[in-house]
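First to last, the protein sequences are chains A and B. First residue of the first sequence: 58, per the numbering used here; consecutive thereafter. First residue of the second sequence: 21, per the numbering used here; consecutive thereafter.
A hint or two may mislead.
Here chain A is said to cover these stretches of chain B; the calculated rule only asks that three of the stretch's residues, wherever they fall, bring their Cβ under 8 Å from a Cβ of chain A [to be verified]:
| hint | segment |
| --- | --- |
| 1 | 115-122 |
| 2 | 278-287 |
| 3 | 309-315 |
Don't read these hints as lab results, they were simulated from the structure. The beta-carbon is built from N, C-alpha and C at its ideal position, and this holds for glycine as well.
The residues making up each chain are set out below.
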Amino acid sequence: MRILCFLKAILDPEAPPGAIRFPGTVESGDVATVLGPFEGNALELSVQLAEGSSGSFTAVAMGDASQDVALRKALALGAERAVRVDLAPGFQDPLAVARRLQAAAQAVGGADVYVFGRQAGDWDMGVTAGLFAGLMDLPFVPLVQQAELEGGSLRLRREIAGGYEESLRTPPLVWSVTNGPGTLMRLPKVKDVMLANRKPIDVLQAADVEPTLVLAEIEQAQVTRQGRMITGEAAAQAAGLAAELRRFLVTGGGN
Amino acid sequence: MRIAVLARLADVGEAPVREAMGLMAALGGEAQSLILAPAAVAAVAALGEVRLGVHPGLEDPDPEMTYGAALRLIGDSRPDLLLLPEGQLFEMIGARLAGHFGMSAVRDVDEVRAEGGEILLRKGAYGGKANVRLRARAGVVAGLRAGAFPAADVGPQTPVVEEISSLPEGGQERRTVRDTSGDDLGRAKVIVSGGRGLGSREGYEGLRPLAGLLGASLGASRAAVDEGWASPSQQVGITGRKVAPELYLAIGISGASQHLSGMSGSRLVIAVNRDEHAPIFEAADIGVVADWYQIWPHLQKALEG
Ligand SMILES: Cc1cc2nc3c(=O)[nH]c(=O)nc-3n(C[C@H](O)[C@H](O)[C@H](O)COP(=O)(O)OP(=O)(O)OC[C@H]3O[C@@H](n4cnc5c(N)ncnc54)[C@H](O)[C@@H]3O)c2cc1C
Ligand SMILES: Nc1ncnc2c1ncn2[C@@H]1O[C@H](COP(=O)(O)O)[C@@H](O)[C@H]1O
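Start from the sequences and build out the full structure, keeping to the hints where you can.
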């Protein structure tokens, strides 16, 4: 089975509050760029599927050289090929992203399964996989949690509201992958990380696509509350907390 | 401008559909309401002038069948702006329809404005740390955040029913498994949520007595779900449930912005975390810097006594 796995590296989504700021632009200081967590889930399922089908997977990331961290992870976990579609960083129209990824997919010879993450934690668009499926006119399975090979078909478990659905589907297919115990990314071996650092990354030119959606404005969102602390020894803190919870239960949430 | 709303009542209920209709009315232009239904026409009559695509397969929707049904219902009348309430339907087919029609797609939109023939859409980014406005220069499919738009006041009318036949085949041997553990999070008055800081499945399970004492539902951070301590339907956050209880108790949760996005509508937030610099304290009304396992025995005694 031929698998194409689309990865994106993003500014560390767990950077402390204030480390990334948005004064009309994105200011990220020295926040590191890391493989996005849902892309890690997509990578894990690609590895599982490649192993299970004695097939292979190719990893594709689009952006500047900061994307290489994502591709190196994929190489360390067994990707046979890593491709970077060269593009300046910054907000991209997701339709243009999907069109360029479609061009890249064709350039590397296509695949049976196209694996995406559910949502990249920079712009939180969560639409690229669906757009790609629509452009390619291929079936789309959203929020895959588990995939098992059965003959030439795949038994896929996908998240639905309040549970999951399992069914058997036949490639070619496009999926998005969500998080769960079955998609937790494995850690590469140190030796494989070293080897991956010496493997080549193929760089392709991005297809020329006019964006239809552009970033007009970006601003800081406010979430902070003026909280107070319950201090003291553990027993005193517990007593203070118990008093707050009792007060809440008695007033039914009102003040 | 041609605008359409596409929804499945069984997915989101009536309110988000009315909200999408309200937005259509505010934007003006040629408007159309398209509803996908299993069979029951009655509930739809309350929604005014709608076109109803009916197929029994839409009861328990398969993505392929749903996509096929939507394409039939939309037909040749591709709108410039296609609105879907956020939810399962958008997840399955929103962006895919956009790709098919060569439109872009934006989800979780909480504001839409028309400006000089273009459409401005507002949404969150960077896990909710930022808000962005995106300008659509051509057709766009938008997923609307529930509750963000005033509902349209529409009167009952008989829908135009379109029987949809011969849908594409979906997955084979389909089996749906309900997981009731996160069922009531959306409606819960009290939520006790646990994170990676609880250290183990036993640690997470140890929240049950507390939840019992408070009449609370159990939520979780993504990390707790990844560890397999909680089910995905218990995940609170930007890619989990959006909750708004009277009390949200976060235990061993760092408070990454992606988690906060899901619970910031809570009335009272109490956080227990042993790291005084944990960002959860910035989003809490009451904070306790402590090791949960030092606190809980005392707390249990105090609450049970
Ligand atoms: C696109 C995207 C979407 C995401 N969606 C979500 C989402 O929907 N929901 C979500 O939750 N996350 C989401 N995340 C992940 C998020 O960024 C964090 O990784 C996650 O919330 C961390 O979970 P946590 O707080 O349980 O774990 P950690 O960050 O590991 O925090 C554990 C905390 O427990 C504390 N602790 C440790 N031991 C104890 C103890 N004994 N007593 C008290 N405290 C203790 C530690 O100080 C620490 O603060 C998303 C990320 C991305 C990029
Ligand atoms: N620049 C990119 N390069 C490679 N894959 C991408 C890129 N942008 C998005 N994707 C894929 O699309 C998924 C969803 O991204 P998004 O729609 O931006 O949230 C990601 O998890 C990736 O799998």
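Each hint tested on the structure:
1. 115-122: holds (count 8)
2. 278-287: holds (count 4)
3. 309-315: Answer holds; 5 residues pass the 8 Å Cβ test.
When held up to the earlier numbered hints, the structure conflicts with none and fits them all.
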